[in-house]
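Asks: Those protein sequence lines, which keep their order, are chains A and B. To convert, note that position 135 of the first sequence is 135 in this note's numbering; the numbers rise steadily by one, no gaps. Add 1000 to the 1-based position in the second sequence for this note's numbering, that's all there is to it.
By construction, these hints were calculated from the structure, which means they are not laboratory data. No residue lacks a Cβ here, since even glycine has one placed at the ideal position from N, Cα and C. Treat the hints with care, since some could be wrong.
[Said to hold, decoys possible] Which stretches of chain A does chain B cover? Using the computed rule of at least three CB atoms under 8 Å from a CB of chain B, they are:
no.	stretch
1	88 to 94
2	191 to 198
[What the hints assert, rightly or not] Taking lysine-lysine and the BS3-like style, the derived pairs with C-alpha atoms no more than 30 Å apart in a straight line are:
no.	chain 1	residue 1	chain 2	residue 2
3	B	K1003	B	K1228
4	A	K156	A	K80
5	B	K1180	A	K136
6	A	K136	A	K156
7	B	K1092	A	K80
8	B	K1180	B	K1092
9	A	K136	A	K36
10	B	K1311	B	K1092
11	B	K1007	A	K36
12	B	K1007	B	K1202
13	B	K1180	A	K36
14	B	K1002	B	K1180
15	B	K1228	B	K1002
16	B	K1002	A	K36
17	B	K1311	B	K1325
18	B	K1002	B	K1325
19	A	K65	A	K80
20	A	K136	A	K80
21	A	K36	B	K1003
22	B	K1202	B	K1003
23	A	K136	B	K1092
24	A	K65	B	K1092
25	A	K65	A	K36
26	A	K65	B	K1007
27	B	K1180	B	K1311
28	B	K1202	B	K1228
29	A	K36	A	K80
[As the list claims (entries may be wrong)] Label-pair ranges, simulated between beta-carbon atoms:
no.	chain 1	residue 1	chain 2	residue 2	range
30	A	A30	B	D1010	24 to 34 Å
31	A	A68	B	T1317	51 to 61 Å
32	A	A34	B	W1331	16 to 26 Å
33	A	A157	B	K1228	44 to 54 Å
34	A	Q38	B	A1024	28 to 38 Å
35	A	S60	B	G1208	22 to 32 Å
36	B	Y1271	A	Q38	39 to 49 Å
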Amino acid sequence: MVDVAETEKASGRMSLGHDDVLRWIRAFAAEVEANKEQLTQLDSAIGDGDHGINMQRGMSAVLGKVDATGEESDIGALLKTVGMTLVSTVGGAGGPLYGTLFMQMGMAVSGKEELSSDDWAAALEAAVTGVQARGKAEPGDKTMIDALIPGRDALKAALAEGATFEDALRQSADAADQGMRDTVPLVARKGRASYLGERSAGHQDPGATSSHLLLEAAAETWGRPGQAR
Amino acid sequence: MKKLINKPDDVVTEALQGLAAAHADLVRVQFNPNVIVRADAPVQGKVGLVSGGGSGHEPMHGGFVGLGMLDAACPGEVFTSPTPDQMLDATKAVNGGAGVLHIVKNYTGDVMNFEMAADLAGGENIEVEAVVIDDDVAVQDSLYTAGRRGVGTTVLAEKICGAAAEEGRSLAEVAELCRKVNANGRSMGMALTSCIVPAAGKPTFELGDDEMEIGIGIHGEPGRERVKLAPAGEIVERLTAPIVEDLPFEQGDQVLAFVNGMGGTPLIELYVVYNDLNRFLGERGITIARNLIGPYITSLEMAGCSITLLKLDEELTRLWDAPVKTAGLRWAT
Chain A
1 MVDVAETEKA SGRMSLGHDD VLRWIRAFAA EVEANKEQLT QLDSAIGDGD HGINMQRGMS
61 AVLGKVDATG EESDIGALLK TVGMTLVSTV GGAGGPLYGT LFMQMGMAVS GKEELSSDDW
121 AAALEAAVTG VQARGKAEPG DKTMIDALIP GRDALKAALA EGATFEDALR QSADAADQGM
181 RDTVPLVARK GRASYLGERS AGHQDPGATS SHLLLEAAAE TWGRPGQAR
Chain B
1001 MKKLINKPDD VVTEALQGLA AAHADLVRVQ FNPNVIVRAD APVQGKVGLV SGGGSGHEPM
1061 HGGFVGLGML DAACPGEVFT SPTPDQMLDA TKAVNGGAGV LHIVKNYTGD VMNFEMAADL
1121 AGGENIEVEA VVIDDDVAVQ DSLYTAGRRG VGTTVLAEKI CGAAAEEGRS LAEVAELCRK
1181 VNANGRSMGM ALTSCIVPAA GKPTFELGDD EMEIGIGIHG EPGRERVKLA PAGEIVERLT
1241 APIVEDLPFE QGDQVLAFVN GMGGTPLIEL YVVYNDLNRF LGERGITIAR NLIGPYITSL
1301 EMAGCSITLL KLDEELTRLW DAPVKTAGLR WAT
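Input sequences plus hints: build the corresponding full structure.
Replies: This is how it looks when you write it as structure tokens:
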């Protein structure tokens, strides 16, 4: 028999509570706010120039909603609320895609008040699967999933190799960062950027950029030694 | 940015309030979520027609709500798809028991949001069919793109299907008709200038004083090629030749020719374009049996135009001629 508490201690794993998940959501909102101009600029180059504005509007609506949830402790419910709010406030393609991402995460951890690192990996897995089903994009199409898939895979691989949760989150965010950068030379095959054909090459994908912010926010919120519980 | 607005964030809401105040006889406007509904909706026993898309294309779609056209429109933020909760509210408001047709322009966001809305409406036992309009021949490589965009044919489909719904046709019949209009309509647009999304405050793209963008979409998204400015006659050829080839439109065909202004181009120039179009088609033995000239599917203050040709038959011509009474389009028989 393996002592679960001992194993977690040994590997440095921690569990995430409702407040931790809320801190991540706030951190993502702050990242979106701070990078609103960049997201809009990237989207102006190959899309329709509204990604930063739309995500900022959605995440500020989310903050209004989650601040009002009060004593709620069900993490699944929290994530589903985030998803529903994004679907009804963002519009564009970002609304259904980010809405689906959070709703699928919420369903994967439905009813849980604490998340283990494996729960987080499962939530991320469900999120990526949901986004792919909604948007029907393949890796290399120059979309969100070009950041999300490397982020998911790096997290799983790191945890499987026994990395600490903090390290796994860092590797996940770094892989998403690389995936985001790797979208630069790609020719878009989905979304409005695809209308540009070859002209879409040479620009970083705005969706992959916001998806990197999502995983970076997780690494910074839960990985920073000073903020771990 | 020079615009006739109060605050960038209030543009959509205030424009909707203006629309509601101006056309209370035709529509009522619901806020949060925003929906423009025909004043007498739901019309019992009639198929409800719902469309929607980003704002900034006025009079599409809100200006096409009324007798003989749409039952409801869902306006999103400027150039941003509306959301499923708007579409669900619209669907419920116009369901007169005969089902609801969603007319969707082929943009990634619009299609995904309408799909989610149709799922939600299905959950409330409302029969929904969706038809996606994808008539923009500027998008060449359909296999490796999000597919052709929905542009000018949307206006014609909303008018023609609206007339069919008034006749009491079933949801399946109106949807089939909508697919027929889409199958017979082709469009292409061009821009002389960019446009400024109020919330962004800067031009969506830059165009030199001596340049134009051929194959522009309606959201200020860049087209496929940027070339030196040319006389209207040449521009008309550049737009119309690919349209004629694509369907193809052939000698002897009767067409509805729709010369659309992008928002910043005056009517006098649209008539110059129409004159060149009439000559171009005449030389090929294609007859313009009906026409529509003016800014109907716009892109804010963008200067430019789009040309749409719809191949007509007796049925489409009769439904086009049927009465319509909306803020943006109205005539009696």
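Asks: Just to be careful, I want the Cα atoms of K1180/B and K1092/B compared with a cutoff of 30 Å; is the pair within it?
Replies: 26 Å, holds
Asks: Are A30/A and D1010/B spaced within 24 to 34 Å by their CB atoms?
Replies: 25 Å, holds
Asks: Next pair to validate is K36/A with K80/A; report whether the Cα-Cα distance is within 30 Å.
Replies: 24 Å, holds
Asks: When you check the alpha-carbon spacing of K1007/B and K36/A, does it fall within 30 Å?
Replies: 19 Å, holds
Asks: Take the C-alpha atoms of K136/A and K1092/B, compute the straight-line distance between them, and say whether it is at most 30 Å.
Replies: Holds, because 28 Å separates the two Cα atoms, which is no more than 30 Å.
Asks: Given as covered by chain B, does the stretch 191 to 198 of chain A meet the bar of three residues or more with CB within less than 8 Å?
Replies: holds (count 6)
Asks: Given the proposed pairing of K1228/B with K1002/B, does the C-alpha separation stay at or below 30 Å?
Replies: Holds: K1228/B and K1002/B sit about 27 Å apart, inside 30 Å.
Asks: Within a Cα-Cα threshold of 30 Å, do K136/A and K80/A meet the stated pairing?
Replies: At roughly 21 Å apart (the allowed maximum being 30 Å), K80/A and K136/A satisfy the hint.
Asks: Do the alpha carbons of K1007/B and K1202/B lie within 30 Å of each other, as the hint requires?
Replies: 15 Å, holds
Asks: With a cut-off of 30 Å on the C-alpha distance, tell me whether K1092/B and K80/A pass.
Replies: Satisfied, since the Cα-Cα distance of roughly 24 Å is no more than 30 Å.
Asks: Is K65/A close enough to K1092/B, meaning Cα to Cα at most 30 Å?
Replies: 25 Å, holds
Asks: Holds or violated: 22 to 32 Å for the Cβ distance of S60/A and G1208/B?
Replies: Violated - the Cβ-Cβ distance for S60/A and G1208/B, about 37 Å, lies outside 22 to 32 Å.
In summary, the numbered hints that this structure violates are 10, 13, 14, 18, 32, 34 and 35.
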